[in-house]
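J.: This is what each chain is made of:
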Amino acid sequence: MKHRTAQDGPASPAKAKAAADGLDVTQENVAVVLDTVRQARRLAASAAASFYGLYVETRHRRIPGLATVFDREFPRTSDLSRAICGPAGMAWMATRAESLAPAWWYCETGAQQCPAFPLVSLGHKVPALTPNLPGLALPVFAEGGIGGFFVLAGRDMAVDDGLVCDLHIRAFSLFRSLARLRLSQLDGTPPMSKRELECLTMTAEGKTSEDIAAALGLSVHTANQYLATTTHKLNAMSRTHAVAKALRLGLIE
Amino acid sequence: MNGARQTLSRETLAAIPAVTTRSDLSDCLGRICAEAGAERFLLLGTLIDHGGERPYIIASNWVYDTVHILGLERLARLSAGPRTCAIGEPAKPIATDGDDALRLLARHGHAEIYCVGLNATAQRCKALFSSGRVGAIDDQMLPQAQLACCYLLSRVPADLLGTPPPNSLSVRERECLRWVSEGKTTGEVAMILGVTANTVNSYLAHAIRKYGASNRAMAIATAIRSGTI
Chain A
1 MKHRTAQDGP ASPAKAKAAA DGLDVTQENV AVVLDTVRQA RRLAASAAAS
51 FYGLYVETRH RRIPGLATVF DREFPRTSDL SRAICGPAGM AWMATRAESL
101 APAWWYCETG AQQCPAFPLV SLGHKVPALT PNLPGLALPV FAEGGIGGFF
151 VLAGRDMAVD DGLVCDLHIR AFSLFRSLAR LRLSQLDGTP PMSKRELECL
201 TMTAEGKTSE DIAAALGLSV HTANQYLATT THKLNAMSRT HAVAKALRLG
251 LIE
Chain B
1001 MNGARQTLSR ETLAAIPAVT TRSDLSDCLG RICAEAGAER FLLLGTLIDH
1051 GGERPYIIAS NWVYDTVHIL GLERLARLSA GPRTCAIGEP AKPIATDGDD
1101 ALRLLARHGH AEIYCVGLNA TAQRCKALFS SGRVGAIDDQ MLPQAQLACC
1151 YLLSRVPADL LGTPPPNSLS VRERECLRWV SEGKTTGEVA MILGVTANTV
1201 NSYLAHAIRK YGASNRAMAI ATAIRSGTI
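Residue numbers (my numbering), protein chains in the order written: chain A, 1 to 253; chain B, 1001 to 1229.
Bound-form chain B, shown alone (with noise of 0.2 Å):
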């Protein structure tokens, strides 16, 4: 693997900045998921509420009744965390280790799954690039075209990304929490922004009611995993 490196071809890093509609936006993802030798592409969305984590799709060319059946709830769990590849890691397709859902898959033409994580805003987006035969996609081009993804999702109009997420904190709650989260007691936060001690208090409030948070420390824990502080 030396000499010149592969990358996408000029036309599809072009496409990228001309995207401006959720057809764009389809057609630009089409293109990269060709260029990778996948057949089918979903772009997942994450909405923090509730202390939870839910995913939406943003854009894919799956057959709808593949999502009806898997369902977004085992889509979620297809995609957590560890079967996720970061940018600049080699990339691994999503091991097919007996897993009900991936057999499920299997059977509807997405034989090799890989995820991919596109961190690129401070919503956290996935991408699933699959093909129905195993080795048709190629893993070199794959990080390619993830960050082909991330300037995607860079460039584009939040509206075109689906939901925003819900109950953003005002400036004072964020400062508030980020205080906290520092370590800073209520009364030295109080102090630093130059208010009241209930004030403060009933900022965090605010903030955990916004977030459906049981504590500080969960909204803390929500708002640093959002992006938010």
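Just chain A, with the same shape it has in the complex (with noise of 0.2 Å):
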């Protein structure tokens, strides 16, 4: 059974909206996604960059790597997305575990050298995805583990340490928000109760059946019948592989 997590993400635009269509048929939903395109649009605008997409990062997939969430051409995808969903992001996401510091690129060949970048102290230099097309990937998480990147892009992007700094803010809220969004939807997984939720909470913390039945004051085959019901929810294989997804998908801390 092919079940998607929240971290695949999806993988295209237009799957981006199925997923804000199909799951949580909600007016609300679709209008945060498209939300989040216009202030991604206005982040651009803020540093010149002509340039804009995001990423979520897929751990879970054979390969890890970038899928694209939209891109300035969005419903559809561009060249430069492709360019980042292959080995580039990957190297990206490499580092993203250990540092959150931007990455950024230009074109070294020519007169002009890094037109871009005079004023950025911040960060560290990666190499060119595209030729003369200067860029900067600011990497983003949200709750639950999951990562992604904000890339700007454009010849006559201009920034400095400070505006650098306020982006990586605003991609981080407007990653935020997407993520909140998915979350919620959790490919269709039906709400969890309170108990099934303490009960998942004290297996992680190693607790037993019977300790969490006599935590809880229920009987043994009452604390495994909720454990079984969020395995289940969770469209998991085992208990161990139920606390695993719900830590992932932020159910539990």
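If you're looking for bench data, these hints aren't it; they were derived computationally from the structure.
Every residue gets a Cβ at the ideal spot worked out from N, C-alpha and C, and that includes glycine.
There may be inaccurate statements among the hints.
Said to hold, decoys possible - With the Cβ distance kept under 10 Å, some of the chain A side facing chain B (calculated, not the full set): (1) Ala101; (2) Pro102; (3) Arg170; (4) Phe175.
What the hints assert, rightly or not - Far from chain A by the CB rule (all over 10 Å, computed), these chain B residues: (5) Ser1023; (6) Leu1047; (7) Glu1089; (8) His1108; (9) Gly1109; (10) Glu1112; (11) Ala1136; (12) Asp1139; (13) Glu1175; (14) Ala1190; (15) Asn1201; (16) Ser1202; (17) Ala1217.
To be verified - A short list of chain A residues far from chain B (calculated; beta carbon distances all over 10 Å): (18) Val30; (19) Leu80; (20) Tyr106; (21) Pro127; (22) Ala158; (23) Gly162; (24) Ala171; (25) His221; (26) Thr222; (27) Ala236; (28) Arg239; (29) Thr240.
Join the two chains into one complex using the hints; note that each chain is given alone, in its own frame.
T.: Here you go:
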């Protein structure tokens, strides 16, 4: 049974829209996605960037990499996004776990060296993705271990340290509002009851069914029943798997 | 709040990549702290062992007595989960809801305290910014200070942040834990890694012992929380 987890993220903008449409079919969710795209456009404008894109890490596929949530050509996907979703994105991902520093690149050929970033001392330089197009990748994350990148690029891009900080914070809130949306949808997982979450939390603390039953004043059978329901609801193979999924989805802390 | 947004000064931001020593770290934090309108900072690291989390102080300009009187345990409770502002969230001070630790701190010159999360590295750090006067800290500036701290943590060598998490897992142990966390059984993991089921169990047992966990579920929870898998 193939099951989409929140980390998988939509692979294309069309799917992003489908995700917003299909799961929690409220007008509100579609509005959030569209609002995020609008915010991204404003962000790009304040850095004089011609390109923007948001990418989410998909660590649970066979080959981890970045997937496009949307970019400037929303609802289609641009060539630059395809480059980002290749090995370049994998290299960024490898550093995100250890560093929140922005990554930037520019083209070194020709007389114009680093025209866009004379004032950036933060972050680190990475290999250019396309010739003649300087860019900036801001690592972002949200609850439940979901990570991604917000990318700005453009020939006339002009940023300094202060602006990078400002853009980064705005990119964070943008990513969080989108991540919250997808978490609440949880690919159709039914909502968990308070008791079920309690049992799951205690299991994550290493408690056995007997311990849980004693602590919550239930019978062992009932505690097991709660855990069986959560495992089923999360479409998990075992209790341990359910704990791992719940933690990654941010259902428990 | 439109028009030009406030950011930290260029000098402070430029100082971040230059941090190499412990005193640079304190200086830089002091500058960030001052620009946010705060008087005192305290950078907290978290050690994960025996399935629990133990805080330790990486850098601070608190009066030593205050930390001593308060104690690390109360400090940890003060900065616990929901009281920490994540990056990208509006900054909120820790509410003075009749908490005795907060009353104690208020008497020691910390009338208002903000706790911000710094999940820049695999190690989850937090920073407390405080001031003796309520309202002195600029809550528009605080997210900038928070991000600057994250950049700082991303830059500095690990040994400046104090003790690294103990008992780090071997590559094989981590692999086993990751597969089990994906719902694979011991037999399946053995097949994937090309070893016997007994070997897999032994890797898992080592991982459980290193974390001081009582079973697989707890070991996996600890590993996910600490960002190991």
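J.: Look at each hint and say if it fits the structure.
T.: Going down the list of hints, with the structure as the test:
1. Ala101: With a minimum Cβ separation of about 5 Å from chain B (threshold 10 Å), the hint on alanine 101/A holds.
2. Pro102: Cβ of proline 102/A sits 8 Å from chain B, so the hint holds.
3. Arg170: Check passed: Cβ of arginine 170/A comes within 8 Å of chain B, closer than 10 Å.
4. Phe175: This interface hint holds because 7 Å falls under the 10 Å limit.
5. Ser1023: It holds; serine 1023/B is separated from chain A by about 20 Å at its closest Cβ, greater than 10 Å.
6. Leu1047: Per Cβ check, leucine 1047/B is outside 10 Å of chain A; nearest 17 Å; holds.
7. Glu1089: 7 Å, violated
8. His1108: Holds, because the least Cβ-Cβ distance between histidine 1108/B and chain A comes to about 30 Å, which exceeds 10 Å.
9. Gly1109: Glycine 1109/B clear of chain A: closest Cβ-Cβ about 29 Å, beyond 10 Å.
10. Glu1112: With a cut-off of 10 Å, glutamate 1112/B remains clear of chain A, as the shortest Cβ separation is near 21 Å.
11. Ala1136: Correct as stated: the minimum Cβ-Cβ distance to chain A is 21 Å, above 10 Å.
12. Asp1139: Nearest chain A Cβ is 13 Å from aspartate 1139/B, so the label holds.
13. Glu1175: Glutamate 1175/B is indeed farther than 10 Å from all Cβ atoms of chain A, at 14 Å.
14. Ala1190: At roughly 16 Å from the nearest Cβ of chain A, alanine 1190/B sits farther out than 10 Å, so the non-interface label holds.
15. Asn1201: 14 Å, holds
16. Ser1202: Non-interface label stands for serine 1202/B: nearest chain A Cβ at 17 Å, farther than 10 Å.
17. Ala1217: 5 Å, violated
18. Val30: Non-interface label stands for valine 30/A: nearest chain B Cβ at 22 Å, farther than 10 Å.
19. Leu80: 24 Å, holds
20. Tyr106: It holds; tyrosine 106/A is separated from chain B by about 18 Å at its closest Cβ, greater than 10 Å.
21. Pro127: 19 Å, holds
22. Ala158: 15 Å, holds
23. Gly162: 3 Å, violated
24. Ala171: 8 Å, violated
25. His221: 19 Å, holds
26. Thr222: 19 Å, holds
27. Ala236: Per Cβ check, alanine 236/A is inside 10 Å of chain B; nearest 6 Å; violated.
28. Arg239: 6 Å, violated
29. Thr240: At roughly 5 Å from the nearest Cβ of chain B, threonine 240/A sits no farther out than 10 Å, so the non-interface label is violated.
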